[in-house]
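Each chain, written out:
2 protein chains.
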Amino acid sequence: MQNNEWNVVFKIEGGPARTLSVPRGVSLLDAAKQADVAIDAPCSGNGTCGKCRIRVLEGTVEGEPGRHISGGDFAEGWRLACLSKPASDLTLLVPDTASAYKTRMKITDLRESRERAVFEKLREELAAQGYRHDSGLETLSLTLKEPALDDAMADRERLIRAVSDAAGETRVDFTLHALRKLPLVLREGAFSCTCVFRREAGRGILILDLAAGDAKPVIPGLAVDIGTTSVSMVLTDLRTGDLLAAGSAGNGQIRFGADVINRIIESTRPGGVERLRKAVTGECVNPLIREMCRSAGLEPEGIYRAAVAGNTTMTHLFMGVPAAHIRLEPYVPAFFESGVQTAASLGLEIHPDAEVVLAPGIGSYVGGDITAGVFSSGIYRQENPTLFIDLGTNGELVFGSADFLMACACSAGPAFEGGDISCGMRATDGAIEACRIDRESLEPALTIIGGEGQEPLGFCGSGLIDVIGELFRCEAINAKGKFIREGKRIRRDEWGIGSYVAVFAGEDGQELAITETDIDNFIRAKGAIFSAIRTMLAIVDFTIDAIAEVYVAGGIGSGINVEQAILIGMLPNLPVEQYHYIGNTSLSGAYAMVNSRGVCEKITGISRGITYLELSSHPSYMDEFVAACFLPHTDGSLFE
Amino acid sequence: MQNNEWNVVFKIEGGPARTLSVPRGVSLLDAAKQADVAIDAPCSGNGTCGKCRIRVLEGTVEGEPGRHISGGDFAEGWRLACLSKPASDLTLLVPDTASAYKTRMKITDLRESRERAVFEKLREELAAQGYRHDSGLETLSLTLKEPALDDAMADRERLIRAVSDAAGETRVDFTLHALRKLPLVLREGAFSCTCVFRREAGRGILILDLAAGDAKPVIPGLAVDIGTTSVSMVLTDLRTGDLLAAGSAGNGQIRFGADVINRIIESTRPGGVERLRKAVTGECVNPLIREMCRSAGLEPEGIYRAAVAGNTTMTHLFMGVPAAHIRLEPYVPAFFESGVQTAASLGLEIHPDAEVVLAPGIGSYVGGDITAGVFSSGIYRQENPTLFIDLGTNGELVFGSADFLMACACSAGPAFEGGDISCGMRATDGAIEACRIDRESLEPALTIIGGEGQEPLGFCGSGLIDVIGELFRCEAINAKGKFIREGKRIRRDEWGIGSYVAVFAGEDGQELAITETDIDNFIRAKGAIFSAIRTMLAIVDFTIDAIAEVYVAGGIGSGINVEQAILIGMLPNLPVEQYHYIGNTSLSGAYAMVNSRGVCEKITGISRGITYLELSSHPSYMDEFVAACFLPHTDGSLFE
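The listed protein sequences correspond, in order, to chains A and B.
Just so you know, my numbering puts the end of the first sequence at 706, numbered straight through with nothing missing.
Just so you know, my numbering puts the end of the second sequence at 706, numbered straight through with nothing missing.
Hints are computed from structural coordinates only; laboratory data are not their basis.
All figures in this text were calculated on a predicted structure; none of them were measured in a lab.
A portion of the hints provided could be inaccurate.
The list makes no distinction among identical chains, and a pair is therefore deemed to hold if it is satisfied within one copy or across any two copies.
Claimed, not checked - No farther apart than 35 Å at their CA atoms in a straight line, the calculated lysine-lysine pairs in the DSBU-like style are these: (1) K546 - K211; (2) K77 - K211; (3) K282 - K546; (4) K282 - K554; (5) K211 - K187; (6) K344 - K211; (7) K546 - K77; (8) K187 - K554; (9) K211 - K668; (10) K151 - K77; (11) K344 - K668; (12) K172 - K187; (13) K187 - K77; (14) K282 - K77; (15) K282 - K548; (16) K151 - K554; (17) K344 - K554; (18) K151 - K211; (19) K546 - K187; (20) K668 - K172.
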């Protein structure tokens, strides 16, 4: 008897169980997606990343275990969900590590934050450029005449008259949110109250919120960077630009694939756009808002404005707009500029009438994260040719100055954010962000985010650059990234694939090893970046020597070791002092936008002037890429 | 052993069952409210209306049956929910007639509708006064240049440029709703599409919706009258003012009481405002929208604008704004004017960005239904003093002309809409809307809404006026409304309370009888109206003879028999030709508002000029009321 459908129970570690009927031949990874069970699959189910580990508690599966499952793990029932299909009814354990990687939130302690300095510096620069805190939001405290039988004016009209007089504006209106609070707030404060309102172009004043008495609240605003891998946010006081809270989380869309192409493909399935929208807004952004508000002692519905930056696919999915045509010739997105939307329409759980502005995109693969970065890096004001590199899941480049700007993207893949790397992770607690290796013993010295006593959990982008650079410098690997030395820390598996064990199991925690497959993925990522730089410069007839400054942005750690990155042929061979690591400029650009409508206008103006270059259509790009897929390059003279 | 809590199962006839644990001493009516089980209780649980009949299937209840339950019914387990408390675990049957009374919807056949003429006439008048169909909504069909590799402008910017050129407006923006449709609609129509947009003051054009190709759709708008007892609506084509559909339903809030005072009291309980908001919007307005759209072949989300009129309490609860202070001295509502709200914020299931405008109120008991009526009746343009009477659950009066307007309310109670009358009902199919009684035999001749073959189900307002007027004319009842004749159709119950059986059980259906209690309730209602007229005229120093015209509005049937209404002392003794029944002017005013922003401005201007009179504070009102609580009046000379 052949059964055509199996009952599969997903028991999520420390969470609920979900049950699904799975037809014969469907992988457990696809079944998990259907059941909305979060399983990491940055390689989108190709069996290459080894992240979609699940454990079979009851029943049997069919399919190869793949090289990521050791014999011991196999005996314990561990399998890769992408390579396994049910061969009976199943009960599966889905490790919490999967969801932790994506959605575990990190609230930054602002007193100790290294990010704080980035924002402080930006705030000073904005002030120097004449940008005021012109978010349009203001507060006003008032005491009204109490109503009486011979003065039975309704509450709304009573308050509107007082606000109109005090603010010198004849057009005053209420949001429903504020109106619903009005009668009780007025009486709670004996007809004294504080309004939060927004001045609207051509429409006067719109009252957003009310509090009893003379409340003088902060006016919280939210800046969001939606990365393909990570979501980062800051809360700021729109009156001053002060930081109120900061935090980050993995992008919950990761279970639908690590890169934008796989997200777009998922979005074209029935209900896909909405599923992806919820995975980022419902599972990441809203919970992180709640946590950040808790840490800052604020109410989410008291956030009155938000600015969001992200790449073109991320902003489409955040808006719930079909993204299918981004990847279909002629590569036309649904929008570059989003217009101003309300939080309620986007499902953002802040004040329902909060204005939400998105940084404008300029092409299918150069989005608002880059235009926000162009603004906050200041490249658009530079006298001399400057190169801006954003190392995210995609790599984007902007080259230019006050005179011209051009931008392009290259599909670096998720390696710089720890994706597609067997022991890769985001730059959060437990990530190895730097590494030195002893040339003789090959013993490593690791720097781990989270400091003293933090168990190493994986490599973030900067740590990967370091470990591969060090292995190359120590001549442990050759120009193709293959191991050419033996030793205690160098191992080969049954297929002969070499790896470097940075952390032995039990030494400081779980085993962390860099495999030749990881190195290969990484080399392709760095090759994509370097070849894109070469191609773009060639198009505008510049040489590498003409680059005056290089800005490196992205959430790949506290910064990268530039010498190491040059050594492996990722970044051009320029004096180290010309390089500047400027952090997450998508987030800092969003911070500038939420604080200032003038900044929003400026970024829109800048974005319209950037020339978008489609690298893939350029004949020399593929040759450049192939040449760059060596350590450091087939043309070694570029790195001498 | 004394049990302090009983398990009560409400089995709703033809619907689901709900179970609740009910503490000792709580009435089954209160328990039903808690369980959100709809049981009619227009008298709010005083045991007077006899409408909250439920049948005990299992278990025993304690409490008096009350005079509305006959011996036979009692034996079958029938009880009034308001008078009964559980004395054991219970299983109860809740008749569908209860919910039918409130929520059964009626879609009007426009071809046969008598209302159609009202709207046709209004449309002509509006045109004559120079009001165009200036709802701000327009459609535009366009064909765009298709994108190409060397023309990769995003869809939004491509369409905005084309609309901007075609409409001559530099500021063009998108709703999220339209943006989400954009990429698929454009490609479905080979880059030809039709936009529905709204011109916004100071903001340019906002695109609300899109359709592929050259669609030229109608632009549906919705007009809503939210009465305390009934909700009435029409759908109109905003390009022409044509009617597309009409319908009505009971207001689902009725289970919280028949009059506004009981609704306000309910609203002050925890979650009360939201419960009442949902009872009207979720249970009545949205389902009726769906039904009307189905009959007109439209999609609800394709309704682009709505106008709502209702009394002050109804508009507060529709908006979800606390109404508590309406009934507390100094009687100050939260708002007179609502501002423009979006459908999404109000939970109205039409286009989420549809503008929803509310007719402005002028006092706690004179609301937007009256200002809408002042507009559509045209009283504000009259040369001579005119009296406008709106007979709803409350009675409201406006007196004046182009020179002055004053308004007041009197708590007539729900009798004119069939509430608080044992066999009363709304003016819908099955309602007896007119009645003649033979002076000798007391045999009735009934006119029933729904025509030929329609079983009589109860009396609506106009039918009540007729039957009581006829009983008085036939000298079957005296000036106090007590029966003074005997006969086949006159009956007395065990307490000696007389009643007139208009329909015998089995004759044409269920028994329909008018009791002395009903007549008493009705006399108080008509007395409230007449005494309010007298008091208001006295305040402005007018006599009844000075009234040039009387407009009678309200949903009490196809019109009332004015001679009958004068005979019983409800309306002033003026020549019948000075009376004009003008239908539901709250609805026709809303219809004018949805079709024209100019009308909205006009109504706001009119409303600000109306003087609101608080009758209850006037010393002579109570004397006038007592004198008017006779048939026709203690001062018979007024009706000679």
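Status of each hint after checking the structure:
1. In this homomeric assembly, K546 and K211 never come within 35 Å of each other (Cα to Cα): the closest approach is 80 Å inside a single copy and 48 Å across copies.
2. Taking the closest pair of Cα atoms, K77 and K211 never come within 35 Å of each other, the shortest separation being 61 Å inside a single copy and 52 Å across copies.
3. Neither within a single protomer nor between protomers do K282 and K546 lie at most 35 Å apart by alpha-carbon distance, with minima of 62 Å and 63 Å respectively.
4. Taking the closest pair of Cα atoms, K282 and K554 never come within 35 Å of each other, the shortest separation being 64 Å inside a single copy and 76 Å across copies.
5. In this assembly of identical chains, K211 and K187 lie within 35 Å of each other by CA distance neither inside one copy nor across copies; the values are 46 Å within and 45 Å between.
6. For the homomeric pair K344 and K211, the shortest alpha-carbon distance between copies (34 Å) is at most 35 Å, but the shortest distance inside one copy (46 Å) is not.
7. Proximity of K546 and K77 under a CA criterion of 35 Å is satisfied in neither setting, with 42 Å inside one chain copy and 76 Å between copies.
8. In this assembly of identical chains, the alpha carbons of K187 and K554 never lie at most 35 Å apart, being 46 Å within a copy and 96 Å across copies at closest.
9. Taking CA atoms no more than 35 Å apart as the test, K211 paired with K668 passes between copies only; the shortest distance there is 29 Å, against 43 Å inside one copy.
10. Taking the closest pair of Cα atoms, K151 and K77 come within 35 Å of each other only inside a single copy of the chain (17 Å); across copies the shortest separation is 47 Å, beyond that limit.
11. Within a single copy, K344 and K668 get their C-alpha atoms as close as 31 Å, which meets the 35 Å cut-off; across copies the closest is 44 Å, which misses it.
12. In this homomeric assembly, K172 and K187 come within 35 Å of each other (Cα to Cα) only inside a single copy, at 23 Å, whereas the closest approach across copies is 66 Å.
13. Taking the closest pair of Cα atoms, K187 and K77 never come within 35 Å of each other, the shortest separation being 47 Å inside a single copy and 67 Å across copies.
14. Proximity of K282 to K77 under the C-alpha cut-off of 35 Å is found in neither arrangement, the shortest distances being 49 Å within a copy and 53 Å between copies.
15. Within a single copy, K282 and K548 get their C-alpha atoms no closer than 63 Å, and across copies no closer than 66 Å, so neither meets the 35 Å cut-off.
16. Taking the shortest Cα distances, K151 and K554 never come within 35 Å of each other, neither inside one copy (37 Å) nor across copies (83 Å).
17. Taking the closest pair of Cα atoms, K344 and K554 never come within 35 Å of each other, the shortest separation being 46 Å inside a single copy and 70 Å across copies.
18. Within a single copy, K151 and K211 get their C-alpha atoms no closer than 73 Å, and across copies no closer than 48 Å, so neither meets the 35 Å cut-off.
19. In this assembly of identical chains, the alpha carbons of K546 and K187 never lie at most 35 Å apart, being 41 Å within a copy and 86 Å across copies at closest.
20. Only within a single protomer do K668 and K172 lie at most 35 Å apart by alpha-carbon distance; the minimum there is 32 Å, versus 56 Å between protomers.
In the structure shown, a violation is registered for the earlier hints numbered 1, 2, 3, 4, 5, 7, 8, 13, 14, 15, 16, 17, 18, 19, in ascending order.
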